[in-house]
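Residues per chain are reported as follows:
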Amino acid sequence: MKQLSMHITDLCNEKCGFCVVGSPLAKTDSVAYGDLIGFLLENAGQGFTSVNLHGGEPTIHPRLFDLLRTIRLLKYPRVEIQTNGRRLKDLDFTRRLAEHGVELFVVSLHGSTALIQDSLTQTPGGFAETIEGIRNAKRAGVAVRTNTVITRMNMGRLMDICRLCVDLGVDHVNISNLHPVGSGFFALDMQAPTVAETRRFLLPVIEMMLATPTRLTLEGFPLCVITPHEDLAIEDGTRQIRMLYQGQVHDDYDGFMDEQMRGYGPPCAGCPLRARCGGVYHEYAERRGWREFGLREPSSVGG
Amino acid sequence: MKLLFFAMSSAGYGETLIGMSLARQLRPAGIETYFICEPMSEKLLRGSGFPYLVLDRSMGGFARLLVDDTVASFRPDAIVLSDYFTYCGVFPKRYGLDPWFIDRYRLPIIPIDIWEWANTDFAVDVFDGKAMTVDRRIMEMPVHLRPVPIAHLDESPQIYPFRLWEGNERVSRRTRDHLRETFGMAKDDKMVLLAVAGWQQDKYSDDNGDRIAERVPELLVHYLRQTPPTTRFILVGKVPPALEALGDRAHVIPPCSPSRFNVLLGSVDLILTLNLGATTLARAVLSDIPGLVLTNRFSISEKPEIDRVEAELGGMSEDVRSWLTRTLPLYPFRMWPLGFHRFLDPIVADNPYLSTFAHAELLDEPAVLSALDEVLYDREVQDGLAANRAAYLETLAAHPSTAEVFTSAARRWT
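Residue numbers (our numbering), protein chains in the order written: chain A, 1078 to 1380; chain B, 120 to 533.
Some hints could be false.
Calculated cross-link-like contacts (lysine-lysine; reagent style DSS-like; alpha-carbon spacing at most 27 Å) [said to hold, decoys possible]:
(1) B/K357 <-> B/K162
(2) B/K309 <-> A/K1104
(3) A/K1104 <-> B/K121
To be clear, the hints were calculated from the coordinates, so they are not data collected in a lab. In this text the structure is predicted, and so the values were computed from the model without any measurement.
Just chain B, same shape as in the assembly (with noise of 0.2 Å):
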């Protein structure tokens, strides 16, 4: 069989990331693939051995031409979304085309749904006050891919989940030693992966997400500035100006290749991110490295409003409030500076994935203080998480393979 991939992000590469996993796992099974992507992910498509072509959106809407050409060439049975929500999003944005531009080649268009778009009223709170539509065409199509983290494992005639990812990125003690000694640290000072992606940086053209793009880092430095001296923090990439407050502790890498950024990975102590979706977090959990999300629940307008958020929290630290005086309207968010709160709420609830890292409210600034310190510091608390992983991986082990997953759904458009 022969998939052909539409990995189309222009700002993240876990969507990317996420085709590019399940088409390894499919590989073993004699199952052929080819990506369209844009610019971006070439890096990661560079030496993967999968075939690709890269699409740029000054092609415009001649991009079309190409992608007739591939399937022309590579003749797919199927099409893959990787992942659906930017699929739709990217070719009437960037190219100016219909996405459905597909239907003509009338193969089977097999969706990777990331986000569980069933359960969504299919609208996404993005800024304060700014939400976003998505096509509802998903529901038409007969087989849904849901890669696990974060989605799910319920099965239903529509819905397909597989494992997200099969490997494992942790690395010898040798390793992980080597970084600490390359990095400066001393062998018992404890490495953070800050992932911070570009597109937490980009500018949306929306004055409140900008805004909040901006503000947050100044509130984590001022967080992490506060753990021990023996805590360091790693960079990748570009990094946000306010972090670079953070001096000595922070070591910035270029942006890294795959590989790479495995190594890196799998010798820190912990992931923090202010992503709930992040790719990164759900590959540190599968390779039972420690995680720690913190998200906003709060929708801020106006200074008065910051008593109630007080009292909710049982107390606010000056800081916050100072810095919350500075910084407001603040709308909710998980996915930093996404607001993707309510959005999220159907795939978080009653989600196993959620007990396998840490969690706090960045607005709560002992709770984010005492969860950096405990899954830095407390055995007890480490060990706690480290059950909750354990218990989460044997439940995606005792899953079906990709493959066989795959098949199963085969058999629904076949």
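In isolation and in its complexed conformation, chain A is listed as follows (with noise of 0.2 Å):
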């Protein structure tokens, strides 16, 4: 897979704690709408696969509809966007960028219920209507992932979301780690689940989503926690993603995250998943250190 990731807006009409980008810290929008064009042509006809869209929420963005026209003008072939899903709650806007060439909702589903979403989301009202986005996706036709950042609030109700994304219909069911950058920086020592937590929460809801049709993946995540299901890991080697992030380009958005992001330590010395994980958050492992990490028993599949 070649992709193009564009962050096309640093707004977002939700405050997730935990949110990468920090978009709820954000005073103003940094994005200018020049870069994202320039970027879209420099990069036309270079056989990327795909574009994918991102923020802060991208459905907000009030030239939305005038980039997919270009992205389509480009023939690119293919347009992901990631959402929070709440503006498709309006199917005739859902069905718009479907015919935009929209192929691809990536939807963040954080809770199970309204209790558990709206308050990561620190968003009123928001799940009803990111379950509605998701049926709406599914009536225009599109595709829909959704991802679920695993954090101490939502980790207990795990298996309840990722059962409604299988009674939703949803095609890909993605996992991640709390990254503890942006507002994540801030929510690490109450929202960050240990190693411990993540693994019993997480493994047993590895062997329910294995049961089904629905395609699961695990992002974010040092090998040794999610073992024995390291090839469930969507950093597998084969994507390659260019990313416009904030003015910047990363010609390699996998890579950039390992080496920049993630860290390793005294535990990955000699571990036989080293040489395909990405490592540890540097934030995480500055607060809690290392102890945590490092393989219990040999690895099925990279021992």
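Using the hints, put the two standalone chains together into the complex.
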């Protein structure tokens, strides 16, 4: 997969406490529309198989449809939008997006109930809109991948969230590790689960999901945390993502994340998974140290 | 003009931040700066736009060669010491160098004079009975740049006060609300930033200093636990173990980049510190954020002296008495765990800065509790402090811009 990835706005209509972009902290939008068009022009005809729009919340961008028309004009084959799905509650809007070439919505879903989701997103009423948005996406014939950030508030309901996704006909469920940057930096202490907590709640969910036709992937986890399911890591080395983020271009997004955002510690020395593992988020290790990490048992896949 | 800054603090960020603030304020006037720093300041300078060189104590005397090289390539017009005290101490202690090796560059040396050295006797009371003598060389330097606060605004042919901070760290209500929710607080909960720097938890190879560093947080926790449950505490970086007793009411986050720290600082209801000279406190005041400083003026060597202190305070709680009994001897401090009490007398005298935040004596439990309660919950006290801050900021605003101050100062050495 060779993907062009664009952060199109810092602004958002939700206020997730773990937002990696720090959208709730943004005072103004730092993204210039001209830069987006320039990035699309510069990369047109370079073999990119999709364009991924994210933010902030892309669906609140005032020139979203102009952007989609440009993408189509430049003959990019496919468009994906990462969204909280709230604006998709409007079926006409969702259909228009489909007509403009959007083939996948990556919808943030962090709760199985309004209580959890709306607390985590600090947006009363948001859950109902997101669920309706997912339904509308399916009605409009657009594939849906959900993204759930595992937190201390929702980890006990991770099973319910995944079951809800299956019931809604979601095509692909992705579960992400909390990345403590942006707003997430401030949420680390309260919201980031320990390794033991993550494994306690994540592993049974993986077993359940593997018995369904819905695809499951895991993102941002050190491989020792998700063993023996390392093969579910979305960073599988096959993705080639060129990203424009707040004026900076990252030629290899996964490489950037591994090199700049994550690191290795003493337990990683000699770990058989190390060559494939992106490591631990620096901020997490700074706060909680390294003792939790490392393989307790040989890995069936990596070791 | 080109300035070479030495920001050599190896313990706290304040001195480097003051230098960076000065450099930032001079940038629009076309003044170029280059920083020489210790590794701990690198995270402040990285991404700041200022070029810098990191010296490491493992370089020993060879560090001078790198400085030589920097001077040769950057070709500064003057050297700025950020600050004078730090500069004097670091090179002999960490590099085995006479700090005045910079004389051979034949450049004007401009000290940032945080502590108003001309008013002191160049002896700093550090711990119980332990004083540090400081080089008087600054008196020969034609220009002293004094950051305000904490310094007075008074000028003289040698003294050039400049505004420490130009910016305002206040954030939007949306950001404040968001952070409260993120920390799991209700909208009206009070967020208190406990400003405890890494150097305040260091070991100083001094029994008294190390004991006071360790024990004072116990007393602080005793006070903080008596505040209403709606009072929550934010700590950044390394946290004294005793403060873990605050449990769920304390939120600890890792060491911050300057931009993250600004968001945090701008969002809190109060800065609580045991360091009167804290740069964080000065930034808070300049951003109109309330502050409370706890200091200790009592020297207590033995148990019988506790009664004298009790009489002076007009009473003493059993908890404080018990804590004192376990902790003695106690020395006066304004920059816990460092003394800096007598040493700061001149700078705090008639200084309007001190009216901008609340202050309480650490051993006076009712005073500490009432100060905490008042700055957080009493509108009248809050308004009074806000009015003092406003008056202080107005005076500062009337002061010439830092670029103008610097231009006047430059005339003295050029």
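Looking back at the numbered hints, which does the structure fail to meet, lowest number first?
-> Of the numbered hints given earlier, the structure breaks just one, which is hint 3.
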